[in-house]
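Colleague: So the protein lines, in turn, are chains A and B.
Residue numbers for the first sequence follow the numbering used here, so the first one is 1 and each next one is one higher.
Residue numbers for the second sequence follow the numbering used here, so the first one is 1001 and each next one is one higher.
Everything labelled a hint here was simulated from the structure, so no lab data went into it.
Each hint should be verified, as a subset may be incorrect.
[Claimed, not checked] Have a look at the derived ranges for each label pair, beta carbon to beta carbon:
| # | chain 1 | residue 1 | chain 2 | residue 2 | range |
| --- | --- | --- | --- | --- | --- |
| 1 | A | Arg515 | B | Gln1507 | 46 to 52 Å |
| 2 | A | Arg397 | B | Glu1491 | 54 to 60 Å |
| 3 | B | Lys1494 | A | Thr552 | 38 to 44 Å |
| 4 | B | Lys1025 | A | Asp265 | 53 to 59 Å |
| 5 | B | Asp1434 | A | Glu183 | 43 to 49 Å |
| 6 | A | Asp462 | B | Asn1128 | 49 to 55 Å |
| 7 | B | Met1134 | A | Phe457 | 30 to 36 Å |
| 8 | B | Glu1244 | A | Arg515 | 34 to 40 Å |
| 9 | A | Ser112 | B | Met1134 | 16 to 22 Å |
| 10 | A | Ile143 | B | Asp1009 | 48 to 54 Å |
| 11 | B | Val1167 | A | Glu183 | 43 to 49 Å |
| 12 | B | Glu1244 | A | Asp537 | 50 to 56 Å |
Ideal placement from N, C-alpha and C gives every residue a C-beta, glycine not left out.
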Amino acid sequence: MIKTLKPLLKGYGKYVLACIGCVVIEAILEILMPFLMSRIVDVGIANRDLDYVFKVGGMMLVMALVSLSMGAMASRLSAKAGMGFGANIRKALFDKIQMFSFANIDKFSTASLITRATTDTNNVQNMFMMLNKTAIRSPMMLIVTMILAMNINAELVMIFFLVVPILGISLYLIIKISFPMFEKMLKKYDALNASIQENLISIRVVKAFVRSAYEKLKFKKSNDELMETSMKAERVIILNMPLMQFSTYLCIILVLWFGGDLVMDGTMLEGELMSFITYISQILMALMMLSMIFVNILISSASFERIVEVLNEEIDIQNKENAVTDEIKDGSIEFKDVTFAYKKGTGEPVLSHINLSIKSGETIGIIGGTGSAKTSLVQLIPRLYDVSEGSVTVGGRDVREYDIEVLRDAVGMVLQKNVLFSGTIEENLRWGNKNATHEEIVEACKQACAHDFIMSFPNRYDTWLEQGGSNVSGGQKQRLCIARALLKKPKIIILDDSTSAVDMATDASIRAAFRRELKDTTTLIIAQRIASIQDSDRIIVMDDGQIDAIGTHEELLKTNAIYQEVYNSQMKGGISE
Amino acid sequence: MRNDFKPQDPARTLMRIISYMASNKLQLILVILLVLVSSGAQVLGNYFVRPIINEAIVPMIGTPEEARVYTNFIAMIFQMILIYASGVLSTYFYKRLMVKISNGALNKIREDLFNNMQDLPIKFYDTNPHGDLMSRFTNDVDTIREAMSEGFTALISSLVTVVGTMVMMLVISVRLTLFIFFMAIIMILVVKTLGGLSRKYFNLRQKEVGNCNAYIEEMFEGVKVVKVFNHEEEVIERFDEINEELRKVSTDANTYASIVMPIMGNLYYITYAVIAAFGAIEVIGGRLDIGSLASFLLYTRSFSQPIVNMSQQMNAILAALAGAERIFQLIDEQPEVDNGKVTLVNVKEVDGKLVECEERTQRWAWKHPHGDSFELVEMKGDVRFHDVNFGYEENHPVLKHINLFAKPGQKIAFVGSTGAGKTTITNLINRFYDINSGSITYDGIDIKLIKKDDLRRSLAMVLQDTHLFTASVMENIRYGKLDATDEEVIEAAKLANAHQFIKHLPQGYDTILTQDGSNLSQGQRQLLAIARAAVANPPVLILDEATSSIDTRTEAIIQDGMDRLMAGRTVFVIAHRLSTVRNSNAIMVLEHGEIIERGDHDELMAQKGKYYQLCTGAEELS
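Please build the complete structure, drawing on both the sequences and the hints.
Modeller: Okay, structure coming up:
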C-alpha cells in the first residue's frame, strides 16, 4: 500500500508536511485558549486586576489571530495536497488504462473503470484531505487535553477512565452493527436506481404494452424495501448522539460532584473546575472525531483498493526488448497453427489450429455466423491480443517481434464497435495521420464515400461531432471510421463488419474505390452480406472457430454448404429469382 | 443552470416538503417539542453549573469535611441529573421519530415521482435526457435526505439554543449582549461571504468535474480505438490539461469550504477575549458581579456554535429546496391526457350476435358508447390514415398528407432514408404522439376516441432496441401479457423460435437476464422480444427495424419466427434491408415526410423510381 501511495503523492508531499505543521500549531493554541480563559476569570477578574485581564486578553487576541491564519493556511494546504493527490490518482489511472491491452480492458468492464477513475478517486481524495487536517489533530488534542486535565487534578481524570471505555465500546458497537446494514441499504439503493434507469430506457416498451401499473407496483415494492432497510440502519446510528450527550453530561455531573469536594477542600480553584468541565467536552469531541475518521477510512479503503487493483494490474502485451522498429516489409500475413483463447489458460479456445497464408495486396472476404470467431481472427494481426499457441506473422516476421507502434501503424483496422470522438470531423480524421494535408483527408473521404455527405453539412469538415458521433447516422459514422483508417496509408487494412449500416449502393462504390486505389494494400473484409465480399480474391468461411472453407465466390457456391445457406437466405425472394 | 443552489420559491417548496413530513401531524409536533426539550436541557444544564459552584460549593470552601452541609448540593445535582436525563431521552426519541418521518417522506416523494413519471407522455422522455431525469432520483432526493435527517432538527435546536442563550445573556448584561450581537453579525457575514465564494467555486468545480468525467468516459469507452491508432500519448496529453484545470478549481472550492471552521472558531476566542476585557471593566465599575461575568463568558460558547451550525445547515437546506423544486416540477408535469371512451372487451357469439362477457374468450371487440347505449365492433386490425399531418414541433412538419390503409392481415412496409419519417408513423398509431390534423382509424373508430391503454393493448411492437428487464426469461416474455400461464409463455417462445436457445441457457426459462439482457446475443434478445409480442397476441403488429442489427444467418432463424408471428395479423414493417420488405402487400417509399411511391414490389420495380434505384443499388452486383 505504501509503495503504491508514494508516487501518488509526488509534488504534493511538501503540502502535506506544511499542513501538518500548521495543524500542530493551531491545535496547541486551541488547547491553550481555555487555559487563558480560565486565568482571566480566576486571576484577573477575581483579583479585580484590570491590567492582567487586558494583558491576557491581548495575548488571547494575538493567539487567536495566529491560530486563525494557521487554520486558514492548513485549509489551503490540505486542499492543495488533497486535490493534488486526487489529480495524481486520476492521472495514474488514466495513463495506466491507456497502456492496457485489449485483454486487460476486457477483464475490467468499461463502466467499472470509469467508476474507479471518477467516484472512487473522489472518495479517496476527499478522505485524504480530511485526514490531513484531522489525523494528527484529533489524537493530539486528545492527548494534550488529557495532560492538561491531569495537570489540574490527576484524580478527577479517573472519571474519564470510567466514561471513555463505555463510550468507546458503545461507539464501536454502533459502527459495527450499522455498517453492514448501511452496506445492505446502499445495495438496495443501487438496485432501485438501476431499475429506474431500466424503466426510463425502456419506457416505449412499458407504454406499448400498457405496463405502467405493473411498473408502479414493482417500484413500490423495491422502494418500500429500501425504506425498511434504511430505517433499520438509521435506528442504530442515531444512538450516536444521545450516547454522546449521555457521556458528556455524566462527566459534567461526576466532575461537579467529586470536583466540588476538592474545591471545598481548597485543593482546587473554582476556575480550575470550570476549565476541567471545558476539557471534558473537548476530549469527548476528539474521541468522536476519531471514531468518524475510523469510519471514513473504512468506507474509502474499499475505493482505494479498487484503484490499486487497476494500478497493479499487469499489462500483458508489451514491447519485447530490442523490438524491431524497421518499417514492415509488405502486407503479407501468415497464421501458423494458431490457437487462441480470450482468458489465458482457463478459457475455451475460440480459434483452434488455424493455418492461413495471405499474400500482400490480396483482398480477403471473411463470412460466418455470430460467434464463429471472425473478429478474434483479425484482431490477432495488429496484436490486439496475443495468440495462445502458434504464431501470426506480418511481412515475414512474427508480430510479437515488432515494436507495437510500428506494427499498428502498418495495420489499419476499423473495429466493429467503432467510436468517433467529440471534436470536428477533420480532427477525428486526423487520428489516422496527424500531419495529413487537407487534400489527403479529402482523398481518403472520397475513397470511403464520405466526402459528399460531409460537404452537405453547413460546416463541412469543421462540423462538430458529439461524443460517440451521435449526431451523424450509423452509416455516416462507419464511413468516417473507414476514412480515418485509410489516412494511415496502412499496408494492411481490416474492415470488421464496417459497412453494415451503409446502403448497398454506397457499400459497392466503397469497395470499387478500394480496388482502384488500394491495389497494393492487403484488404480483409468481414461482412454479413455476401454482396460485400463476393468479389474478393478469396473468401474464408468461418464456423465455430475453424476455417470451414476458402475459395472464390463461385467455388464456394458450388462446394460449401454454409456459404450456400447464407447465400440462399439473403437472396430469398430476390429480384434475380 | 442545473447546479444552481438557489430555489425559486422557497416558502412554497418548504411547505410542500413539510406536508410530506406531516402525514402524521402529531408525530411532527412531537418532534418539535422533543427538540425544544433536548436543546433546552442543554442550555439549562450549562446554566446550572454556575449556581451550583456559587451557591453549593463556594460557601463550603474551608469548611472541614465533617461540618459540610450537602443537602443543597445534592438537591441541585439531582435537579441537573433530571434536566440532563430528559435531554438525553428527548434526543433519542426525536431522532427515532425523525428516522420514521424522513424515511416515510422520502419514500412517498420517490413514489410520487416515479408514479407520475410513468404517466407522462413519450414526448416528455424524448425531450428530456435520461441522465437528467435520473439525477432527480439520485442527487436531488439525496440532498433532501441530508437536509431532512440533519438540517431540520439541527435548525430548530440551533434556533432554540441561540434564542435561549440570548435571553439568559440579556438577563445578565444588556451592554455585553449588544456587543455579542455585533460579533454575531460579523460571524454571519463571514459565513455568508465565504459560503458565496465556495458556492461559486463549487459550481465551477462541478463544471470541471463534468468535463473531466466526460473525457474519462469517452476515452475509456474508446480505448480500443485509441490503441488501434497508437493515440495514447495525445490522449494523455489532453487529459493532463483537463485534470490540471480540475485540480486548480477544486483546490479553491475546498479551500473556501473548509476555511470557515478555523475562522469561526477563532472569532469565538476573539469575542471571548474582548468580552472578558469589557466585562472586567464592568465588574471593576461595579455594574456586574464576578459570577455573572463567568456565566456570561460560558454563554458566548453556546451562542457562537449554533450560529456556525445554522449557517452551514442553511446551505444544505437551500440546496435541498432547489432539489425539491426540481422534483416537484416533475411531479406537477402534466400527465398524458386520455379522453378515450371506447374500450376493449371480451366477447362471445350468441345466436350470431356479439355479446360482452367476463370470461377470457379469444375474441375481442371495441365497446363504443353512444349516449346510454353502446355498440360492439369486433376487433379485426383494420388501420387507416386519412390525410395525416404531423410535426414534433410546430412549423416543422415531419409527415405531410399521409393516406394509407391496411386491411386485416395485410403487411405494409415503409422504406426510405434516415429522417424520412418512418418511425414517426408508428409513433402515431399507438398515440405516443397525437397528430396535428387528419385522422387515424382502427376498425373504423377514430383512435382519439379509444382509451389509450386499450388501443395499445391491441397493438404489439418489436423495436430495434429490445429493452429487456432484469428478471427471468419467463418474466420477460410474460411482460407481453401478465396473466399468461407458463405454458402460454413457452408456446409463444416456440412460435418465435426462441425455445431452442432458452432451453440451453443455464437455468432455462428461469435464467435471470441482467442489464438489458447483456448476457445474451443480439439475435437471442430479438427472439425474446418477438416472443413477448407473440404472447400479447394482438391483431396489429409494428416491427421497427426489428432485424437490422442482426447478422444475416441469425436473421434467417428470426425471420422464420417472425413470419409465424406475422401470419394472420396486420403488420407495419420498417426496415432498411430491402429483402425483409419485399413480400409486403404494399410498400410505401417515404421521403421528407411524404409518400412518394406506393405499390407492391413488382409495381414499384416497374415504376423505375426511387425504390427501383434502392433495389438496383443492391442488385448491381448480383
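Colleague: If you check the beta carbons of Glu1244(B) and Asp537(A), does the distance land in 50 to 56 Å?
Modeller: 52 Å Cβ-Cβ, so the 50 to 56 Å window holds.
Colleague: Does 34 to 40 Å hold as the CB distance between Glu1244(B) and Arg515(A), or does it fail?
Modeller: violated (48 Å)
Colleague: Regarding Arg397(A) and Glu1491(B), is the given constraint of 54 to 60 Å on their beta-carbon distance met?
Modeller: Given range 54 to 60 Å: holds, Cβ gap about 59 Å.
Colleague: Do the Cβ positions of Val1167(B) and Glu183(A) conform to the proposed distance bound of 43 to 49 Å?
Modeller: About 46 Å separates the Cβ atoms of Val1167(B) and Glu183(A), which means 43 to 49 Å holds.
Colleague: Measuring from beta carbon to beta carbon, are Ile143(A) and Asp1009(B) in 48 to 54 Å?
Modeller: With Cβ atoms ~51 Å apart, the hint holds.
Colleague: Between Asp462(A) and Asn1128(B), is the Cβ distance one that fits in 49 to 55 Å?
Modeller: Hint violated: Cβ distance 30 Å, outside 49 to 55 Å.
Colleague: Tell me if the beta carbons of Arg515(A) and Gln1507(B) are separated by a distance inside 46 to 52 Å.
Modeller: For Gln1507(B) against Arg515(A), whose Cβ atoms are near 50 Å apart, the range 46 to 52 Å holds.
Colleague: Looking only at beta-carbon atoms, does the pair Lys1494(B), Thr552(A) fall within the given range of 38 to 44 Å?
Modeller: Holds, at about 40 Å.
Colleague: Is the hinted range of 53 to 59 Å satisfied by the C-beta distance from Lys1025(B) to Asp265(A)?
Modeller: Distance hint for Lys1025(B), Asp265(A) holds at roughly 55 Å.
Colleague: Assuming the hint says 16 to 22 Å, is it satisfied by the Cβ distance from Ser112(A) to Met1134(B) or not?
Modeller: holds (19 Å)
Colleague: Just tell me: holds or violated, for the beta carbon distance of Asp1434(B) and Glu183(A) against 43 to 49 Å?
Modeller: holds (47 Å)
Colleague: Note whether the CB distance of Met1134(B) and Phe457(A) lies within 30 to 36 Å or breaks it.
Modeller: holds (32 Å)
Comparing the model with each numbered hint stated earlier shows that hints 6, 8 do not hold.
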